[in-house]
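Q: Take the sequence shown: its letter number 317 is residue 317 in the numbering used here, and every next letter is one higher.
Since the hints were derived computationally from the structure, they do not count as laboratory data.
Every residue, glycine too, gets a C-beta built ideally from N, C-alpha and C.
Wrong hints could be hidden among the right ones.
[What the hints assert, rightly or not] The calculated EDC-like cross-link candidates involving lysine to aspartate or glutamate, where the alpha carbons are at most 20 angstroms apart (straight line), are:
| id | residue 1 | residue 2 |
| --- | --- | --- |
| 1 | Lys164 | Asp81 |
| 2 | Lys153 | Glu140 |
| 3 | Lys167 | Asp81 |
| 4 | Lys375 | Asp213 |
| 5 | Lys96 | Glu41 |
| 6 | Lys153 | Glu137 |
| 7 | Lys240 | Glu255 |
| 8 | Lys240 | Asp225 |
| 9 | Lys150 | Glu140 |
| 10 | Lys115 | Asp198 |
| 11 | Lys150 | Glu137 |
| 12 | Lys337 | Glu289 |
| 13 | Lys343 | Glu368 |
| 14 | Lys7 | Asp80 |
| 15 | Lys343 | Asp213 |
| 16 | Lys150 | Glu98 |
| 17 | Lys376 | Glu351 |
| 18 | Lys376 | Asp236 |
| 19 | Lys7 | Asp81 |
| 20 | Lys96 | Glu149 |
| 21 | Lys167 | Asp198 |
| 22 | Lys7 | Glu189 |
| 23 | Lys164 | Asp80 |
[As the list claims (entries may be wrong)] Pair ranges (Cβ atoms, derived):
| id | residue 1 | residue 2 | range |
| --- | --- | --- | --- |
| 24 | Met297 | Asp198 | 33 to 43 angstroms |
| 25 | Gly87 | Gln14 | 16 to 26 angstroms |
| 26 | Arg44 | Gln349 | 49 to 59 angstroms |
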Amino acid sequence: MIDYRRKTVIKGQQELRCGYTTGTCAAAAAKAAAVTLLSGEICRDVSLQLPGGEHIILETEFLECSENCVKCGMIKDAGDDPDITNGLLICAAVEKTEGETILIDGGMGVGRVTKPGLDQPVGAAAINSVPRKMIHEAVEDVRRQYAWEKGLKVTVVIPNGKEKAEKTLNPMLGIVGGLSVLGTTGIVEPMSEKALIDTIAVDIRMHRAQNEDILLMAPGNYGLDYLKAAYHIHPDQVIKISNFIGDSIDLAVCEGASGIVLAGHIGKLIKVAGGIMNTHSHQADARMEIMTAYAAMAGAGNDILRQIMSSVTTDAGMEILQQCGLLTETMQLILEKIEAHVKKRAGSQIEIGIIIFSNVFGMLGQTENVPNLFKKMNAAQHKEE
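All chains, full assembly: derive it from the sequences and hints.
A: Printed below as a string of structure tokens:
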């Protein structure tokens, strides 16, 4: 048996401990409750099979019981991942029914889906497909073990889940009333890029499910704030993609989007002008090198280029460019190269618009097609209304 709480991974020169997903906790709690209900004896330790085939032993807590219902729980241990659900009690109540199937639903603290495009249909509890399968298989094993031929209903409950969910992306995604029960492998890997990209993928699918053909993307809050101030665009209309420019473009193409408008601070998007599609500073920087190269193309002399190269921030570099009258031309060259790299990544089947700005200098440039893309977006929105 593997104890994944003792498994570690190396991230950024640190050894970090793995943990278990909310889906694994819910499945373990459901199995413990089912065993207690059908055997009449309290079950605290359960064996669970993960989606990858590994078997693990998990410790659960007995909470309460009646003749036809038992409730157990498991404390979520996310390892060294900064997960908002770490330390929460994930509960499952299992009750006997007159049917012949296993029903799975969410109770207090588990969110409900209100928008299309997510893993579960509108109206369903936000318990994703893999955790549902894990819960079903765990309870079905118990049903076979004790020759129980009637049905069982599993209700997943997360105390304080509603309050915790307000600090997650769930409200933006249209999941109301609580947290989501998630997990694809059953294991939480600390600081996982895959988890972040999966979240972006969910957001893109949700926007596409609402018939949004042109997707508006921004790396972070600077982009959201700028789009709201300059274009009166509500943050809910924008897909927040963090540093994952290339992956987000790939996802948009795979989901059949007809266009992308990428809006971002120059300090982030200037890296794309150098072909850098993951803009995290741990992956690559080269901001000042790229700005220096395009300033040279705009005609800056050696002294100016050395000053730009020595600048700590893009705003400081642009201050130098403004003083020598080369800011507009340099930013235009950078804009064109960002557009070229994004188009190359996206392919010819999708239209690309780019907006770059600075908190100090404001609008630095946008591709010619941005107004038309916004016009198409607005027309589609009014058509839906």
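Q: Give a verdict on every hint.
A: Hints versus structure:
1. Lys164 <-> Asp81: Holds - the C-alpha atoms of Asp81 and Lys164 are around 16 angstroms apart, at most 20 angstroms.
2. Lys153 <-> Glu140: holds, 11 angstroms
3. Lys167 <-> Asp81: holds, 16 angstroms
4. Lys375 <-> Asp213: Between Lys375 and Asp213 the Cα gap is close to 12 angstroms, so the pair holds against 20 angstroms.
5. Lys96 <-> Glu41: OK: Lys96 and Glu41 at ~16 angstroms, within 20 angstroms.
6. Lys153 <-> Glu137: With Cα atoms ~13 angstroms apart, Lys153 and Glu137 stay inside 20 angstroms; holds.
7. Lys240 <-> Glu255: It holds: about 16 angstroms lies between the C-alpha atoms, which stays within 20 angstroms.
8. Lys240 <-> Asp225: holds, 12 angstroms
9. Lys150 <-> Glu140: Measuring from Cα to Cα gives roughly 11 angstroms; hence the hint holds.
10. Lys115 <-> Asp198: It holds: about 17 angstroms lies between the C-alpha atoms, which stays within 20 angstroms.
11. Lys150 <-> Glu137: Holds: Lys150 and Glu137 sit about 16 angstroms apart, inside 20 angstroms.
12. Lys337 <-> Glu289: holds, 14 angstroms
13. Lys343 <-> Glu368: Holds: Lys343 and Glu368 sit about 14 angstroms apart, inside 20 angstroms.
14. Lys7 <-> Asp80: holds, 11 angstroms
15. Lys343 <-> Asp213: holds, 17 angstroms
16. Lys150 <-> Glu98: This hinted pair holds, its Cα atoms lying about 6 angstroms apart.
17. Lys376 <-> Glu351: holds, 12 angstroms
18. Lys376 <-> Asp236: holds, 18 angstroms
19. Lys7 <-> Asp81: Between Lys7 and Asp81 the Cα gap is close to 13 angstroms, so the pair holds against 20 angstroms.
20. Lys96 <-> Glu149: Given pair Lys96, Glu149 holds - Cα atoms ~10 angstroms apart, limit 20 angstroms.
21. Lys167 <-> Asp198: It holds: about 18 angstroms lies between the C-alpha atoms, which stays within 20 angstroms.
22. Lys7 <-> Glu189: holds, 9 angstroms
23. Lys164 <-> Asp80: holds, 19 angstroms
24. Met297 <-> Asp198: 33 to 43 angstroms: holds, 39 angstroms
25. Gly87 <-> Gln14: 16 to 26 angstroms: holds, 21 angstroms
26. Arg44 <-> Gln349: 49 to 59 angstroms: holds, 55 angstroms
The structure agrees with every numbered hint stated previously.
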